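Visitor: Read off the chains here:
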Amino acid sequence: MKRALAVLAAWVLLVSASSPPEVDDTLIMGDTLPPSLKAFNLLSGSYGRIPNAGVTPYRLNTPLFSDYAEKFRFLYVPKGKKIAWREEGELDFPVGSVLVKSFGYPADMRKPDEHVRIIETRLLVRRETGWIALPYVWNADGTDAVLKRAGLRVDVSWTHLDGKPRAISYSVPNVNQCKGCHDDGANGLGLIGPKARNLNRERQLQALYAAGKIDRLPANLPLLPVWTDTMTGNVERRARAYLDVNCAHCHSRSGPANTSGLWLDWEQPEGPNLGFGKRPTAAGRGSGEGEFAIEPGHPDRSILIYRMQSLDPGIAMPELGRATVHEEGVALLSQWIAAMPTKDAGHP
Amino acid sequence: MKPIPFLIAASLLAIANPVFAGTISVEAGSDAQSRLQAALIDAKPGDTIEIGAGRFDLTDGLSLDVDRVTVRGAGPGATILSFKAQKGAGEGLLVTADDVVLRGFAVEDSRGDGIKSKAANRIVYHDLRVEWTGGPRASNGAYGIYPVESTDVLIDKVTVRGASDAGIYVGQSKNIVVRNSIAMFNVAGIEIENCYGADVYQNVAMHNTGGILVFDLPDLPQKGGHAVRIFSNRTEKNDTPNFAPKGNIVAGVPNGTGVIIMANRDVEVFNNVIGENGSTNIFIVGYRNSFTDSGYNPLPSNISIRGNMHGRAGFAPGPQFDGGAEMVAAMGSVPPIVWDGTGTNIRVTDTVPTLSLGLSDPKDRATSANPKIVDLGSSPEPVALQAIVLPSSMEAAIR
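Just so you know, the protein sequences line up as chains A and B, in that order. For the first sequence, counting from 1, position 154 maps to 154 in the numbering used here; every step adds exactly one. Position in the second sequence counted from 1, then plus 348, gives you the numbering used here.
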């Protein structure tokens, strides 16, 4: 009997060695902070460019701007479990899920798929106790990435869309900074990107449903505009999509910037809390010469635009991941504010 | 191996058990950013992080998100966290956990706020210094010490210099004590904004634009500020010209104001020494800007001003003080106490003149003012406020 078991064990080892690597559910569900990304078996290949079986790439309609980094997103839902549908807010991922995001820079932004240098891969791991954030920084030869919970600065350079060279001090966030954006109040860490409306593109949601990874799918799916695509929404809707994704994780009624009274989420009605005629609360010199977060008709006088255009840490918004100005984002929001009727300014 | 007797095994386990508070030491030297941040991340509830003497040159904001941690330096003159080379984050140190004690260190030259704590209940700030070392400049960060959205806040024996908004700013919080502290060369020395229940006492506010401010603003999650006592403070020689950015609420603080009460109810100002303030010693006003927030009351009410010792006031009113120059021309100086004339039950028994601007609406400007000296001593005395009592653990933390 003992001998039979040993043979069986040897056979199991042999089979598992020849099959493709399986994602390590035990590690995901455990309580350790694995020092190596490789140990999860989520990704393969140089700099983890290839997702392993069960790991699904996805894209967003309107992504968070992170200093022009190219981002590669994957999601993993453990076998036999499903994401619970949520019409608004983030989809509800089951315990054992992982969201994976790699950040990199192409040598030339005009050829975004060529010579991409991957800097880091961030994991959000859903454990029994909630989400945890684990930032991994790649080694020089791209064979593994190591956990850097205290963050790191990395010098990064590329040729920009205008053909000119760019160089920044890229910030890998520490785990507290991860929570700075991924803050879900009493629930601990939360998600930002994977809302149904933001995932609703290229039949991604339908594919997840067909693969049995999501519990249901309504006939009418919510849709967030693609902020750069005029076919998906007018200026106002695209500007609101941009604000929702880039600002509302802090600037909402329940986010870390709730006490500012400036709430920029998709659901927020027009008024002072959306910034219209809203005076600054604790902006300090972040207000510059402006009197209102948004002064309708006057992007040049609007504090929101001023802070997006600044690189000074005491002024710049968002506070994290912003070593460059997002010129295209500034242009869209300026266009939106410029087109607002000035009579609604709330100006005294 | 011999089996370890049960009792010894149990005691070995106890040593490794995290319920026994540990100390994490961080000394000055290279790579201070990651070593200090790693300590703040790795700390367990109950731990103390001991920061050694010396200068720590930091490149990013620091943050603490673990409950019941004490961060302790070798003294505000010895342990210096310098953010002169800061590249990111909106503040020097951010605390987002409960029952945290910060003591014995200095934060210098942060690009944004100095130390911010948000939704951090029972936080203790003790024996700290926050300073912008180049003096008062518009390019300095906004707030020095900045607790917000917290219940039970103790600020004791701190010094803040050079904030381009408020040196010590408590916002949208409840049950607050600010005492034994020094605020100099800030736009506002000490500011209590949209708060419920605060005792501000035995502080020195000098050489700011305005010394001590009690404000309430619309469109915020917590508004209706009330129950604030300002007593036994010195707020003198507030003579730094206002250097706040235009859009900030404190940009309207007149150069040289001792105390301002704006749009709060149930405020007591007593037994303070207030003098040598160029605009006026005590200024009681409504909120002057337009607003649409239907739940907001822009007027002051139930204000008690008594027993304060007044020095010279109103000899050089700032340009932010509407009609100040005309008053100096007519009367020689602005009286030591000025009320815009709005709100209800304003009681003043200090033995110095009180000027009412006679406005019917705080938004009205000086052109519609009808200034006259008034006697507010016959207004009924508002119900006395109770002293703020903090949880005993907070007082014990600094003994």
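Mixed in with the good hints there might be a few duds.
Short derived list, chain B residues pointing at chain A, Cβ under 8 Å [stated by the list, open to error]:
1. Gln-385
2. Ala-386
3. Asp-413
4. Lys-432
5. Thr-481
6. Gly-482
7. Gly-483
8. Ala-486
9. Ser-487
10. Tyr-491
11. Val-496
12. Met-554
Derived from the structure by calculation, the hints contain no laboratory data. If you're wondering where the values come from, they're calculated on a predicted model, not measured in any experiment. Idealized CB from N, CA, C, for every residue including glycine.
Visitor: Mind listing which of the numbered hints don't hold for this structure, in increasing order?
Guide: Violated hints: 4, 5, 6, 7 and 12; rest satisfied.
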